[in-house]
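Residues 1 to 524 (UniProt numbering) are what the sequence shown spells out, left to right.
Think of the hints as simulated: they come from the structure by calculation, not from any bench. All values derive from a computational prediction rather than experimental measurement. Take these hints with a grain of salt, some might be off.
[As the list claims (entries may be wrong)] Straight-line distance between alpha carbons at most 27 Å, and here's what the computed BS3-like set of lysine-lysine pairs gives:
1. K357 - K375
2. K29 - K188
3. K201 - K309
4. K53 - K117
5. K53 - K467
6. K475 - K443
7. K437 - K497
8. K122 - K27
9. K401 - K420
10. K16 - K409
11. K443 - K460
12. K302 - K362
13. K409 - K362
14. K380 - K362
15. K50 - K63
16. K291 - K250
17. K134 - K153
18. K53 - K437
19. K362 - K375
20. K251 - K291
21. K188 - K27
22. K396 - K420
23. K409 - K437
24. K497 - K464
25. K53 - K122
26. K251 - K376
27. K194 - K239
28. K464 - K409
29. K357 - K372
30. K376 - K357
31. K409 - K443
32. K372 - K401
[As the list claims (entries may be wrong)] For each label pair, taking beta carbons as the anchor points, the in silico distance ranges come out as:
33. L33 - N488: 24 to 32 Å
34. R2 - A198: 35 to 43 Å
35. R171 - G131: 31 to 39 Å
36. D502 - L12: 46 to 54 Å
37. T449 - P283: 31 to 39 Å
38. P283 - T119: 30 to 38 Å
39. L124 - K250: 34 to 42 Å
40. I25 - E189: 46 to 54 Å
We treat Cβ as the ideally placed atom computed from N, Cα and C, and that holds for glycine.
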Amino acid sequence: MRKGYIYCFTNLTNGKKYIGQTVNITKRKNQHLNNFKIPFDKIYNRDNTKSFKFEILEVVEEKYLDDREMYWIAYYDTFHGPGYNHNPGGRVLKGADSPLTVIESQEIGDQIYNEYKNTDIKLLDLADKYGISKNTVQRISNGEHWATEGYEKFDRKTSMEEAIEIYEYFRDNPKTSYKEAEELFDVKEGVIYKILNADRKDLEGFEPLSYYYEPLSGAEHPSTKTNEDTCLQIYEEYKNRKFKNRLETKKFKEELSEKFGVPIFIIESIIYANHWSTEGREPLKRFDWPKEKSLNIYNKYKTEKFTQKELANEFNVSEDSVRRIVNCEHHHTEDLSPINFEVSFPGEENPNSKVSKEMGRKIYNEFRDNQKITKKMLAKKYELCTETIRNIVYGKHYTTKGLSSLRRKPKPKIGADVTKELALIIYYTCKLKNSDKEYLAKKFNISLTTVNAITNSNHKYTKKLSKLNDNITHKTVCQVLSGYYRDNYTQQELADKYKISDSTVYRIVHFEQKYSKAFDEYFN
């Protein structure tokens with residue numbers, strides 16, 4: 001049996017990780033550098049490969065790669081938590097098993113591969129014939145699709161006459177994109193690249209069209225979609241517009257994008273002076289108010305003992321803005337000293353204090369005398385934050401200073417004797433195989449309550465994972481969507497087929513269910 005590897009990339013700057021599997025380490029690392037097929041590839045190249053540490057976590061037999069990849073992704077929480085993985089790992093719903101696949105069997109993949117290889121049919125014509133995208137046909141012919149995985153990459157040979165025709169077309173039309181040329185000449189991007197660089201024997205003596213591989217900037221770049229006048233017009237229109245909030249700025253950017261036919265990220269690059277056309281100009285803030293207003297807020301808070309909430313209401317700004325102003329985190333007050341009331345105004349003298357000494361003692365006594373009441377219940381009752389209640393009952397608040405701490409004995413935690421590895425095995429076994437919970441409880445010799453806590457994300461090792469629904473899995477949602485939109489099943493028929501309620505089917509097909517939300521754009 002072939003050996004496989006579970007590997008990990010760690011970003012040394014922020015600690016985020018990406019977990020993957022492969023049977024060929026060298027080839028897989030090169031794919032991350034060159035293919036850009038997954039979001040991590042773009043991050044890996046953008047953030048400088050030297051910023052990442054590479055390590056092999058485990059060497060296992062190839063048949064165990066999926067299970068071990070899912071385990072390590074869950075262990076480091078790189079899917080739901082801070083990480084770069086965009087799925088829980090393994091070959092979940094891939095290839096022919098996916099109800100959303102456009103290639104239903106390997107036989108169809110073979111048919112497309114052989115037809116492209118043995119006939120003169122064009123990529124676009126082949127795509128239209130089978131009702132798939134041109135990109136899918138390319139991946140099939142390159143051996144990169146699941147249906148032709150391991151097949152030899154097939155590229156049609158371009159004749160000398162065709163190569164010269166492509167070369168001359170680009171020379172005379174320098175703003176032509178690779179995508180446009182692919183459709184026009186029915187050749188792949190790699191072939192076009194070689195032609196433009198004169199990297200062919202039949203183009204020996206031709207000058208490479210350097211602007212396609214030398215880094216050119218700004219107006220000099222042949223494929224730029226904007227000229228300097230247009231960019232400056234965008235900059236001035238944004239500069240002369242007044243905004244009340246961030247929503248208005250977002251809407252105006254969309255208007256500019258539609259008006260000038262420029263993507264929003266280019267609009268933002270122009271107005272923030274990151275674009276070649278506005279380089280050296282003053283970056284335009286989203287929206288701003290006069291510096292005097294910020295200083296007025298700062299001085300009022302410092303000398304007149306207003307609360308932050310009162311100042312937010314008076315000056316019609318958010319409480320977060322007031323907090324940043326008085327803490328000197330705002331650009332208007334970054335040169336001033338932060339206001340700290342903990343020293344100047346302790347206890348009741350603090351203008352932001354909401355608790356009198358009598359109230360603090362009352363809360364303390366209530367928590368001491370009623371063992372059933374919790375800190376959260378007291379916080380809700382007295383309209384205070386839980387942290388304040390905690391300080392009061394622990395004797396850390398000015399109202400209870402000197403009193404003994406009311407620390408209660410912690411309740412025994414459910415499943416405290418379950419290891420992290422076992423908890424994750426139970427969670428993903430239930431999620432991916434829809435295993436019976438009673439069976440899992442008996443198999444691992446733990447209580448059904450513990451299994452429920454693990455699958456309902458109430459266990460300490462699965463708190464960050466999504467709660468599992470007994471009947472609804474990711475695969476079921478995909479099958480329901482496929483049945484409804486492709487096979488024309490009625491909602492009632494799907495409910496009977498998959499043993500779920502009519503309302504659940506309704507939420508799935510209207511993209512209101514948590515798993516189906518991701519497919520909204522795909523079906524619309």
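Each hint, compared with the structure:
{"no.": "1", "hint": "K357 - K375", "result": "18 Å, holds"}
{"no.": "2", "hint": "K29 - K188", "result": "24 Å, holds"}
{"no.": "3", "hint": "K201 - K309", "result": "74 Å, violated"}
{"no.": "4", "hint": "K53 - K117", "result": "41 Å, violated"}
{"no.": "5", "hint": "K53 - K467", "result": "32 Å, violated"}
{"no.": "6", "hint": "K475 - K443", "result": "25 Å, holds"}
{"no.": "7", "hint": "K437 - K497", "result": "22 Å, holds"}
{"no.": "8", "hint": "K122 - K27", "result": "30 Å, violated"}
{"no.": "9", "hint": "K401 - K420", "result": "40 Å, violated"}
{"no.": "10", "hint": "K16 - K409", "result": "36 Å, violated"}
{"no.": "11", "hint": "K443 - K460", "result": "21 Å, holds"}
{"no.": "12", "hint": "K302 - K362", "result": "31 Å, violated"}
{"no.": "13", "hint": "K409 - K362", "result": "22 Å, holds"}
{"no.": "14", "hint": "K380 - K362", "result": "15 Å, holds"}
{"no.": "15", "hint": "K50 - K63", "result": "32 Å, violated"}
{"no.": "16", "hint": "K291 - K250", "result": "23 Å, holds"}
{"no.": "17", "hint": "K134 - K153", "result": "16 Å, holds"}
{"no.": "18", "hint": "K53 - K437", "result": "39 Å, violated"}
{"no.": "19", "hint": "K362 - K375", "result": "13 Å, holds"}
{"no.": "20", "hint": "K251 - K291", "result": "26 Å, holds"}
{"no.": "21", "hint": "K188 - K27", "result": "22 Å, holds"}
{"no.": "22", "hint": "K396 - K420", "result": "34 Å, violated"}
{"no.": "23", "hint": "K409 - K437", "result": "31 Å, violated"}
{"no.": "24", "hint": "K497 - K464", "result": "32 Å, violated"}
{"no.": "25", "hint": "K53 - K122", "result": "43 Å, violated"}
{"no.": "26", "hint": "K251 - K376", "result": "40 Å, violated"}
{"no.": "27", "hint": "K194 - K239", "result": "44 Å, violated"}
{"no.": "28", "hint": "K464 - K409", "result": "25 Å, holds"}
{"no.": "29", "hint": "K357 - K372", "result": "24 Å, holds"}
{"no.": "30", "hint": "K376 - K357", "result": "20 Å, holds"}
{"no.": "31", "hint": "K409 - K443", "result": "32 Å, violated"}
{"no.": "32", "hint": "K372 - K401", "result": "24 Å, holds"}
{"no.": "33", "hint": "L33 - N488: 24 to 32 Å", "result": "44 Å, violated"}
{"no.": "34", "hint": "R2 - A198: 35 to 43 Å", "result": "41 Å, holds"}
{"no.": "35", "hint": "R171 - G131: 31 to 39 Å", "result": "37 Å, holds"}
{"no.": "36", "hint": "D502 - L12: 46 to 54 Å", "result": "51 Å, holds"}
{"no.": "37", "hint": "T449 - P283: 31 to 39 Å", "result": "57 Å, violated"}
{"no.": "38", "hint": "P283 - T119: 30 to 38 Å", "result": "56 Å, violated"}
{"no.": "39", "hint": "L124 - K250: 34 to 42 Å", "result": "37 Å, holds"}
{"no.": "40", "hint": "I25 - E189: 46 to 54 Å", "result": "27 Å, violated"}
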